[in-house]
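Enquirer: Line order of the protein sequences matches chains A and B. Going by the working numbering, 87 is the number at position 87 of the first sequence; the sequence numbering is gapless. Going by the working numbering, 150 is the number at position 150 of the second sequence; the sequence numbering is gapless.
These aren't lab readings, by the way, just hints derived from the structure by calculation. Incorrect hints may appear among the rest.
Derived lysine-lysine pairs resembling DSBU-like cross-links, with alpha carbons at most 35 Å apart [said to hold, decoys possible]: (1) B:Lys140 to A:Lys146; (2) B:Lys97 to B:Lys144; (3) B:Lys97 to A:Lys146; (4) B:Lys97 to A:Lys155; (5) B:Lys97 to B:Lys140; (6) B:Lys144 to A:Lys146.
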Amino acid sequence: MRRAHEAEYEAFVRAHRGRMMATARLLATGDTQLAEDLVQNALIRLYLAWSRARSANSEAYARRVLVNCFVDHRRRPWVRRESTSDDIPESLVTAGELDDSVAAALLDALRDLPPRMRAAVVLRHVQDLSVDEAADALGCSVGTVKSQTARGLAKLRARLDEQLSTPGGNR
Amino acid sequence: MNDLMEDLARLSTAAGEADDATVAADLRRGRRAQRNRRLTRLVTSGVAVVAVGGLATAVVVGQHDGTAPAEATHRTTHAMQLVDYDGAQLPGFTIDKVPNGFVLQGADGGKLDIARPDNHTTLDSFVGKVVVTLLPTDMKVDTKGTPVTVNGQQGYLVRQDASTSLEYTDGTHEVVVQSWNGIGLTDAQLVELAEGITVTDAVQPTHG
């Protein structure tokens, strides 16, 4: 990679890694080691394709790669990479406004969704992406995003209602 | 429903800038992957590989780490051979061939790791190994890869940045054989290795 392109890549990582990590933590429903692996693998793929990524919307490109890494990780022996930090936060919600028990209940419910449905819900309703942006990240149609998020929300609601009706439920 | 959507929105966390050490580590991994990819392309294409008495010399020409002027780097790698395996088998899979110098490192019923004897990493580390496993039960073979035939059944080679996976069905199971690129197995050797694999009744399906 050319030096100028590397400088761009570095600037991108510096500015966007935190948000990628936040998305990855949600996709991994709190598994911070998996989230770190997803981000590291996504950033490697981004480095290898930087000449293409830089000429497009690099943030959208990175998001697409991250979602692909997430969907792919279940199907193949996963490349576990080294940690970049000794201080990976254990808690998903470190700066959010939610009560911990509510956050935990939501994560439990998210964990039950199939990967692509989970990604659709996270991108649309946590990361607040538009339907078009979510469709781009998932590599599917706008209609598929709409149906996946609708079904995902219905499943989440049912799961949370189930938790509420369980004695000692955490919500 | 609105409460749920509001709660989901509140899961969003603030994201700051990555620190220098983290950025440097990402850059280092990217450079390393690029070097591995260049070397793998040269070795597997055969363009720059000259076999001499079982050795192959690959000449890599290009920028080093992307920061220095173009230079020539000479690397010497062994041309990997597959050999018959007649050692003890492990639960889940039996195997007829292994890369020369490799052993069955271990198995947990759901996957089998084939590695060099001095590889003491856990079974969950796949660097430098061939790994045999099954796709999660809710997944099918990835048909976007390069089509190949494994024991008369359709399979597909899927390339990742550091490894190549062969996904195929044996008629009953959806099998994945992943080879780390640095091992130097060709596509044909990966298929040959897969053709010697039998999934046994002791295998534990992956549910994801």
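Enquirer: Compare the structure with each hint and give your call.
Expert: A quick look at each hint next to the structure:
Proposed proximity of Lys140 of chain B and Lys146 of chain A is supported: the alpha carbons are some 24 Å apart, at most 35 Å. At most 35 Å may separate the alpha-carbon atoms for a hinted pair to count; Lys97 of chain B and Lys144 of chain B meet this at roughly 27 Å. As the CA atoms of Lys97 of chain B and Lys146 of chain A are separated by approximately 48 Å, the hinted pair breaks the 35 Å bound. Distance restraint check for Lys97 of chain B and Lys155 of chain A: the Cα-Cα separation of roughly 46 Å exceeds the 35 Å cut-off, and the hinted pair is therefore not satisfied.
Proximity of Lys97 of chain B to Lys140 of chain B is assessed by CA-CA distance (about 26 Å); at most 35 Å being required, the pair is judged to hold. Using a Cα cut-off of 35 Å, the hinted pair Lys144 of chain B and Lys146 of chain A holds, with the two alpha carbons roughly 25 Å apart.
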